[in-house]
Amino acid sequence: MDRKSTDDSITSRMSWPIVLWLSGFLDQPEQEAVLGDLTEDGKNGGGAIAEVLGLVVRRRTAVLLDLRLWLAVAFVILPVSYLLCAIAQTTAGMGAVYSWMYLNNWDWALARNPGFWHALGEIAVSFGITCFVLACWSWSAGFLIGRLPKVIVRASRNILIVLLAAAFQLDAPGHIIHFLISLHGLPLRPSLPDYNAPVTGNVFYRAFFPWISLAILVILPAFSGIRQANRSLLLTLKMRVVLVSAAAGSLLIMLIHAPGFGLLLGAPQRDWLWRNRNAMQALLLLSCWPMFYFIAIRFGRRGLPKAVMTQ
Amino acid sequence: MYYIVMQMVGEFEYLILSSAARLGTNAYGASIRSEIEKATGRRCSIGALYTTLDRLEVKGFVRTWMGEPTSERGGRSKRLVQVTATGVKEASHFFRAIARISKGVSWTENRLTTR
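One line per chain: the protein sequences are P and S, in this order. Under this note's numbering, the first residue of the first sequence is numbered 1, with each subsequent residue one higher. Under this note's numbering, the first residue of the second sequence is numbered 312, with each subsequent residue one higher.
Worth flagging that the hints you see were computed from the coordinates, not collected in a lab. Check each hint, because a few of them may be wrong.
Said to hold, decoys possible - With a straight-line Cα cutoff of 25 Å, these simulated DSS-like cross-link-like pairs (lysine-lysine) come out:
1. S:Lys400 / S:Lys370
2. P:Lys150 / P:Lys238
3. S:Lys370 / P:Lys43
4. S:Lys414 / S:Lys400
5. P:Lys150 / S:Lys370
The task is simple: from the sequences and hints, build the whole structure.
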């Protein structure tokens, strides 16, 4: 075998795994057809990689020309990502402070005090509920995104992650609240000493903990919601409408509880919210509807009424 | 007065429709690409072919389905293509329009005089 054919053979052996990996980005039937065409043509090396890469790029960029994607970004993904980021920031901040207090500064002398455990229990329950509600809101957001037209779901999910990360990194909620305060002509808060400096001074709590919170309380539940939205296609149309309405209602409740929401309202509306704050807190229970959905699904495996199932 | 919006097939779509019609039951991705490359003398990319096939299928000009796997394709199926009646009508409309508009133009006349 001469040198050129040896080189070609080595190139083809090295390139085919890349071709296989790239073709994984295509839908399964198309992947099979394309790999079969390349095999039949005897195409290998850089040519085969270029062919598959070209098709993958065309498929992925075609969705960017879909108007429905940009409508979804403007009316669903952008506002949802902002709200989730704002609440996740607050939650992560709380979590960092509590973790620093009880983990980094554990004192066995305090642990012998019953009052310490009472306070710890209260904080754990309250913070646990906050995290659970945030996860439910993230799940609802994912469910709504999963119910978008199928061709734009994957791109919508990716844009959601990018917007969440960007908003988190750039502190978008802080800037927008700052803007709303100045829009109302209100005096800006004077800069005060950072009372959480011992917490933010710790590089783990400053740099890593917020991103870990975002991943566990927002991104993973959102992905689960998207997956469940796909599975909800087995349900009847009525049930799907009920679920989408529940998800949308849950996100409206999230809007009411988002930091800075009061700045969007007039004084009478703010006053009304303050007087009905207990009812507003009770609405958080409705936000936990994904928990009831999962319980219903669990019972459904034992046989749901045919009224809610299509198969 | 009626305004008719004419959406004719594109030139690459026409090449695919013609190749598929000529190949008949043997019309699939690789064979259509081969026909187009022989006719045009230019490379036809897999990306351009499959995205255009999707467009033609959405328009109702072709029907595609996955065929049986074959050993020459490493045990992989092929995407078979059949031109529909609508596709035949649109392709012939395109051909007649090209033939009409090409009458008397220099490159068709040169071709006749050089024979």
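Within a Cα-Cα threshold of 25 Å, do Lys150 (chain P) and Lys370 (chain S) meet the stated pairing?
holds, 19 Å
Does Lys400 (chain S) pair with Lys370 (chain S) here, judged by a C-alpha cut-off of 25 Å?
holds, 13 Å
Given the hint that Lys370 (chain S) pairs with Lys43 (chain P), test it: the Cα-Cα distance must not exceed 25 Å.
violated, 31 Å
25 Å Cα cutoff - pair Lys414 (chain S), Lys400 (chain S)
holds, 22 Å
For the pair we were handed, Lys150 (chain P) and Lys238 (chain P), check the Cα-Cα distance against 25 Å.
The hint holds at about 19 Å.
The structure is inconsistent with hint 3 alone, although it conforms to all the rest.
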